[in-house]
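Enquirer: From first to last, the protein sequence lines are chains A and B.
Heads up, the first sequence is in the numbering used here, so the first residue is 1 and it goes up one at a time.
Heads up, the second sequence is in the numbering used here, so the first residue is 286 and it goes up one at a time.
It should be emphasised that the hints constitute simulated quantities derived from the structure, not laboratory data.
Please note that a few of the clues may not be correct.
Unchecked claim - Computed footprint of chain A on chain B, listed as stretches where at least three residues anywhere in the stretch have a Cβ under 8 Å from a Cβ of chain A:
#	region
1	329 to 336
2	364 to 371
3	383 to 390
4	471 to 482
5	523 to 535
Just so you know, even glycine gets a beta-carbon here, dropped at the ideal spot from N, CA and C.
Single-letter residue listing:
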Amino acid sequence: MLAQQLTNGVVLGSIYALSALGFTLIFGAARVVNFAYGEMLMLGAFATLTLMNLLDISFFFALPLAMLLLAAFSVGVYFVIVRPVLRGSELQVLLVTTGLLYVLHDLAITVWGTDPRQMDMGVDGIVEIGDVIIPNQRLVVVATMLLLVVALYGVLYKLRVGKALRAVAQNRHGAQAIGLNVNRVVSFAFAVSGALACAAGGLLGALYAVDPGMGAAPLLKSFVIVIFGGLGSVPGAIVGGLVIGLTETLTGSYISNGFKDVFTFLTMIGVLLFRPNGLLGARRT
Amino acid sequence: MMGIAGAFAAALLVVPPFMGDYHVYLLSLTVLWAIFALSMGLVLGFIGEINFAQAGFVALAAYASSLLRLKLGFSFWAAAPFALAFVVVLAALLGLITLRLRGPFFALVTLGFGEIVRLVLTNWQDLTNGPLGLRPIPPPEPVLGLHFDTKLGFYYLVLATLAVSLVGLARLIRARTGRMLVAVREDAILAGFVGIPVLRQKVIGLCFSALVAGLGGLLIGPFLTVLSPSQFDLFASMDMVVMVVVGGIGTLIGPLVGAVFLIFAPELLSFASELRPILMGGLLIVVTIFLPGGIVGLFRPVGADLPWRRMVAR
Numbered sequence: 001m002l003a004q005q006l007t008n009g010v011v012l013g014s015i016y017a018l019s020a021l022g023f024t025l026i027f028g029a030a031r032v033v034n035f036a037y038g039e040m041l042m043l044g045a046f047a048t049l050t051l052m053n054l055l056d057i058s059f060f061f062a063l064p065l066a067m068l069l070l071a072a073f074s075v076g077v078y079f080v081i082v083r084p085v086l087r088g089s090e091l092q093v094l095l096v097t098t099g100l101l102y103v104l105h106d107l108a109i110t111v112w113g114t115d116p117r118q119m120d121m122g123v124d125g126i127v128e129i130g131d132v133i134i135p136n137q138r139l140v141v142v143a144t145m146l147l148l149v150v151a152l153y154g155v156l157y158k159l160r161v162g163k164a165l166r167a168v169a170q171n172r173h174g175a176q177a178i179g180l181n182v183n184r185v186v187s188f189a190f191a192v193s194g195a196l197a198c199a200a201g202g203l204l205g206a207l208y209a210v211d212p213g214m215g216a217a218p219l220l221k222s223f224v225i226v227i228f229g230g231l232g233s234v235p236g237a238i239v240g241g242l243v244i245g246l247t248e249t250l251t252g253s254y255i256s257n258g259f260k261d262v263f264t265f266l267t268m269i270g271v272l273l274f275r276p277n278g279l280l281g282a283r284r285t
Numbered sequence: 286m287m288g289i290a291g292a293f294a295a296a297l298l299v300v301p302p303f304m305g306d307y308h309v310y311l312l313s314l315t316v317l318w319a320i321f322a323l324s325m326g327l328v329l330g331f332i333g334e335i336n337f338a339q340a341g342f343v344a345l346a347a348y349a350s351s352l353l354r355l356k357l358g359f360s361f362w363a364a365a366p367f368a369l370a371f372v373v374v375l376a377a378l379l380g381l382i383t384l385r386l387r388g389p390f391f392a393l394v395t396l397g398f399g400e401i402v403r404l405v406l407t408n409w410q411d412l413t414n415g416p417l418g419l420r421p422i423p424p425p426e427p428v429l430g431l432h433f434d435t436k437l438g439f440y441y442l443v444l445a446t447l448a449v450s451l452v453g454l455a456r457l458i459r460a461r462t463g464r465m466l467v468a469v470r471e472d473a474i475l476a477g478f479v480g481i482p483v484l485r486q487k488v489i490g491l492c493f494s495a496l497v498a499g500l501g502g503l504l505i506g507p508f509l510t511v512l513s514p515s516q517f518d519l520f521a522s523m524d525m526v527v528m529v530v531v532g533g534i535g536t537l538i539g540p541l542v543g544a545v546f547l548i549f550a551p552e553l554l555s556f557a558s559e560l561r562p563i564l565m566g567g568l569l570i571v572v573t574i575f576l577p578g579g580i581v582g583l584f585r586p587v588g589a590d591l592p593w594r595r596m597v598a599r
């Protein structure tokens, strides 16, 4: 029973980690809190589903295509609504992304209606290890998370644009002084963020269902995770995602299912009280 | 400007007895939202933060008051101080935890808090009756010979609450607290250097905001006669934000203008009700980028101070 719950927790945590990564990345690069991030996840799920139906392709071909679409969309969001206020105040950035949340949420309801839709990943069967049962679908989720995390680390540490991104995150003015095009780097961070949101949304949609309201929970979870792991920290998002996934599964099954989010929220308050930089967060200057 | 405001206030007092029930109802709704927007305006304009828990504060006051009345037989007036104190204490706690940190923690945590309030109200079915909600919530009991069981009587109660809140907040922002808050908003580090207790002033501001939101919360139960958790979701808080920004951030009149512009006008014209939420979000974006002073800003002198904290300097 415990082993089964731990396994479920890791699966859930993988999706949470994936959602939190894209959120924390643009905060790290540009100090932008994207309140519309959950809606980008939802759009990613709908984009995947629509591509599957439209082109008659499988989930695994549709998801990368949808990730490209969402990356482009995310860059568009940066240039059209975020960049004009980036030189203004933090409050203005919060206001425009809040507005975007509102628009995307209701646009999705208008276009697709509120009924949840099924999205078939095309993976069946289960694996049994001892008395732990894992549906293959969930293994795919964990594998995709690992793949994307490895890819992200490759980009951040091997590619020039990734190194530039880390430089901008560390010191924006310093990066500018050595001749980096901050604007281009930040738009790249938005692209990666959009793609990651889409991946998380697609996987969530395949495991549960696709509907316009599906973005709210991952958005909140991303907040908790990035506060837990440290705002802007990539390893913090991964560890935080797994920890929150496990906490939720365990408190949900052993204490109370209806109130599991309350425990998650209290964890966040505890972290803010005792380690406001997050468990893995560096001291920000 | 003052002349127009005075004429408008007089109209709000004198005209309603000659209006039909529907229009009085609509006016009450607008005034109620003006109270909520006013409370949000204090946080946005004078603390410089978004409070996504504002609908949660409204819900807590509404539920606390209605539960005391329905389950323990309190009168509306006896329940009110308890409900308000409850909300203000919670606001103080939230503020003490989050406002001492630099960064977007306040917005993130209040968004979480608002959702938790809704979740608890939904899941604690023994107490709150869950998604089905509390009903029927009776009008406030008569007091000093005044009756509130007609649409018109209730309208005057809501209007009086708005007037009291408005006068109270106007005094607050002209007093030391308000001027200190403006100083903190403009430059928190400098304000700290000249000896302003930054955290304390912010928490005091938040408590007053929660108090005004709570006053509105007391009234929304009797107004709708039903309370259910879904009325107090994230989008309710966001509507308040839109009203403040569209009306004019950093002023007390702005939120009221926003409420008239976004509640009264669209309802009266029964204007594109399905697309309204999209318009609300779109307005928030467009006004923030192109008209940061809002409607009221159109009438202010160029260069009048706006509550935009500099991001670059931090």
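Enquirer: Could you run down the list of hints and mark each one as holding or not?
Expert: For each hint, the structure was consulted:
1. Only residues whose C-beta sits within less than 8 Å of a C-beta in chain A count toward coverage, and the region 329 to 336 of chain B has 4 of them, enough to reach three; the restraint holds.
2. Beta-carbon proximity to chain A at under 8 Å applies to 0 residues in the region 364 to 371 of chain B; the threshold of 3 is not reached and the given coverage is violated.
3. Evaluation of the coverage hint for the region 383 to 390 of chain B: fulfilled, as 5 residues show C-beta separations to chain A shorter than 8 Å, against a requirement of three.
4. For the region 471 to 482 of chain B, the assignment as covered by chain A is violated, since 0 residues bring a beta-carbon within under 8 Å of that chain's beta-carbons and 3 are needed.
5. With 4 residues having a beta carbon nearer than 8 Å to a beta carbon of chain A, the region 523 to 535 of chain B meets the requirement of three or more and the stated coverage holds.
Hints 2 and 4, counting from the list given before, are not met by this structure.
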